[in-house]
Amino acid sequence: DSGVTQTPKHLITATGQRVTLRCSPRSGDLSVYWYQQSLDQGLQFLIQYYNGEERAKGNILERFSAQQFPDLHSELNLSSLELGDSALYFCASSATGTGADTQYFGPGTRLTVL
Amino acid sequence: AQSVAQPEDQVNVAEGNPLTVKCTYSVSGNPYLFWYVQYPNRGLQFLLKYITGDNLVKGSYGFEAEFNKSQTSFHLKKPSALVSDSALYFCAVRDSWGAGNMLTFGGGTRLMVKP
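Respectively, the protein sequence lines represent chains A and B. Mapping of the first sequence onto the working numbering: position 96 corresponds to residue 102, and the numbering continues sequentially without gaps. Mapping of the second sequence onto the working numbering: position 76 corresponds to residue 88, and the numbering continues sequentially without gaps.
It is possible that some hints are incorrect.
Derived coverage of chain B by chain A (criterion: at least 3 residues anywhere in the stretch with Cβ under 8 Å from a Cβ of chain A; other residues may be distant) [claimed, not checked]:
| no. | region |
| --- | --- |
| 1 | 41 to 49 |
| 2 | 55 to 61 |
Far from chain B, by Cβ distances over 12 Å, these chain A residues were calculated [what the hints assert, rightly or not]:
| no. | residue |
| --- | --- |
| 3 | PRO14 |
| 4 | ARG28 |
| 5 | SER85 |
| 6 | LEU89 |
Worth flagging that the hints you see were computed from the coordinates, not collected in a lab. Where a beta carbon is used, it is the ideal one built from N, C-alpha and C, also for glycine.
My request is simple: use the sequences and hints to build the entire structure.
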């Protein structure tokens, strides 16, 4: 158990809908990351937050947004969902957000868009 | 830009034999290199990392990896494979240059250890 928690574990929804994925980092970690894992794209970095501020952005669609709250938990919002958004979404956390930090991953949220 | 290649989609090895899972990388600055393992329906578990120093890094569950700067490689090794090592292995890199701390992952290598 990495100490990173994600809810829900599974999410099934329809095209055009909006969902929110939640992540709680390990105790004491200030940085949160979101990754998407799909069969065709592999594991891709979406976005990083550090202590409430956006630190880095990767291949995140405009339909997707995220935020990190004062208690350091993070939410990833996915809107106008398409079939291709079906994937496993991972949250990870690290202590300080620097390059040498180890990122610890949560169990993921499996999103299925029908 | 940073990138990682795992040239083998699958590696098959007999239990008790040594195993190697290959990884090569490309970065502009100095690399921070990581290995993770993913079991079915589970998240990624951290195995080991190279930041600086000794080129041979030891990690969890008896795994180790050797950093080779001239060959830009970071191969994962274990002297004696177990059936329970069967899983999906990911190599990841972070460039020491640039903002943020994004990891770039390879495509993954499925390790199959047969009894």
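Earlier hints that do not hold, by number
Failing hints: none at all.
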